[in-house]
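**Q** Here's the letter readout for the chains.
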Amino acid sequence: MSEQDTGRKAKPALSKVRRDQNRREFLRTLGLGVGVVGVSLAGLLPLIGAANARLRPPGAIKDLLDEQQFLAACIKCGQCVQVCPVEAIKLADLLDGVGVGVPYIDARAQACDFSCDGLQCVLACPTGALTHHLDFPADTRMGYARLNRPDACLAMQGKGFKGLARGPEFRGTLRYAEVDRWTPVPVADHPYDLELCDLCARQCPIEIRIIECAAEKPPEPGQVARVAEKIGNECPPRHAIALEPMPGGQGMMPVIKDGCVGCGVCEMICPVEPTAIVIDIDRVTEVPV
Amino acid sequence: MSYMLDSLRHLAGLPVERPAPERQSQEVKFIYERKSQKRLTKETLEAIDAAHAGTAKRHKWRNRRWITLIIVNLIFVVSFQFDVQLVEGAMTASRVVGFHFADLNSALQVSLAYKHMVLNLVIGTVTVLILWWLLGGRTFCSWACPYHLIAEWAEWLHLKLAARKWVRDVRFHRGVRSVFYAIFVVLALASGYTVFETISPTGISSRALIYGPGIALLWVLALLLFEVFVSRRAWCRYVCPIGLTYGLVGLTSPLRVQYNVESCHHEGECRKVCLVPHVLDLTIKGRAEDTKVDVAADCTRCGLCVDICPTDSLTFTVKGLAKVL
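Residue numbers (this note's numbering), protein chains in the order written: chain C, 1 to 289; chain A, 1001 to 1325.
Don't take each hint at face value.
[As the list claims (entries may be wrong)] Straight-line Cα separation of at most 20 Å, DMTMM-like style, residue types lysine to aspartate or glutamate; simulated pairs:
#, chain 1, residue 1, chain 2, residue 2
1, A, K1115, C, D66
2, A, K1115, C, E195
3, A, K1272, A, E1152
Because the hints were derived from the structure by calculation, they are not lab data. None of the values given here were measured: they were computed from a predicted structure.
Hey, can you work out the whole structure from these sequences and the hints?
**A** In structure tokens form, the structure reads like this:
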């Protein structure tokens, strides 16, 4: 204090011009701050009414209506995009606000068919936004299928289906184990000829896996066959979808079972335009323990 | 110690006062005194600058840096396009031949919002922390950040326009960067969302390169237009928390730019090209505490000052390397 009194270290009073400059700089800077923070907060707007809610890859940590944790944990790097063999995963754009750079699946264009077998996206995720607490496709819960246009469903009208499920221009791919066990092929290269359309059930990865498991030979007495030694939900314990006879009708009705994981293959393969079956992202069933 | 304090003041955007005479070494005082007795004429200085402008060294570090930055970012693109799996992911987080890397600021935002760090993220964060600590901290900004490069080109345009007096650099208080930093930390913690990542031009431009362009690039374009027509390098100078995070990493980093008072002509060309010119205030006559001083941690180690200095008074140095060798 005494030093300041002697005036040796006291700062000279600022001139009026300098004070004005400082004031203007402060106001400008305040404006910059409000602007940038305002834009960043605008990123929260799409959360209203869950406008940025989407079908997420397997293992996305979320509750029924809330994916706050998933959006928080995702570091927006796209490693899940890079490992997906059917290129089902896309990154959301800025219109998703805080969801920018976060992975999603547009099931109608390309669903997750689990043809990587090992949930590669989950393994690739560096932050656990796709939780590592699942091992097999039957463990995942992305959503739940729903027949949203029963009147349009070919099976319910008793109709068959002949030709390309989604036309020659469709870019989506699926694994057809009978064609190639390891490489997914374009749906447009795989014509069908069905007396009764059962595409949603026929291509369901969970149903396919159940059939595969049933076909595998049980181990001979006294020897343990490695392939037959199933753990956890490696073999889906519950069905996901089945065609059941309609009461008093000639057609069959797709019925969604509690083994449905919401992968979206049924939505992708449905030959009706627009699709008769969709995935609800706010409904899932319990995972069998 | 004053290196650390000055660095922290620079990073926080606080003014760094000229050193008190008692803190300056006798040697440096002697050099300053000799210089004030024997001033170089304007013609001599101009001749030295002109001779330097024609040498191959004029853009040596800039060229090396641009090549490095482009290669780093292209490896991401090529790895994905041709599925060579060298570097998977984007600038925010990646796997480099299998090893986890995570951008420190992105990892911070995620951890604050999610309030949990899985082991892979811890590994990625520590790896990157060590890497950029060794390389100088804010070296990330000028040698790796994709936005930095396009912002440099925008800056070139801004300076051309400013030279013709078509635009005027609107300046802000540099302290606002640390205010932004605190705001984005609090927002991530309180809202549970990675609010900064939404507007980070580093993340947006890195993803756009690798996964294809989108609407988000319009935000990057808006920032660039602001920098061309309103305020020079505004994002990196006044806003970006990534720079501040890496600046803190660089506080104790061994890789620095060193200033040599003896050979300096105090023309100030280095401060004109610098993104963070306050770190070069020590090149003003009378400001250095000793004959050789390290440029503080807010420096991005871009090397523009090293390139432009006609007398090699600014050079890259690795602390302790001379002792080891």
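**Q** Holds or violated: K1115/A with D66/C, Cα cutoff 20 Å?
**A** Holds: K1115/A and D66/C sit about 17 Å apart, inside 20 Å.
**Q** Mind checking the alpha carbons of K1272/A and E1152/A for me, to see if they're no more than 20 Å apart?
**A** Holds. K1272/A to E1152/A sits at ~14 Å (cutoff 20 Å).
**Q** Hinted pair, alpha-carbon criterion (20 Å max): K1115/A, E195/C. Please report holds or violated.
**A** Violated: K1115/A and E195/C sit about 54 Å apart, past 20 Å.
Hint check: a violation occurs at hint 2 only; the rest are consistent with the structure.
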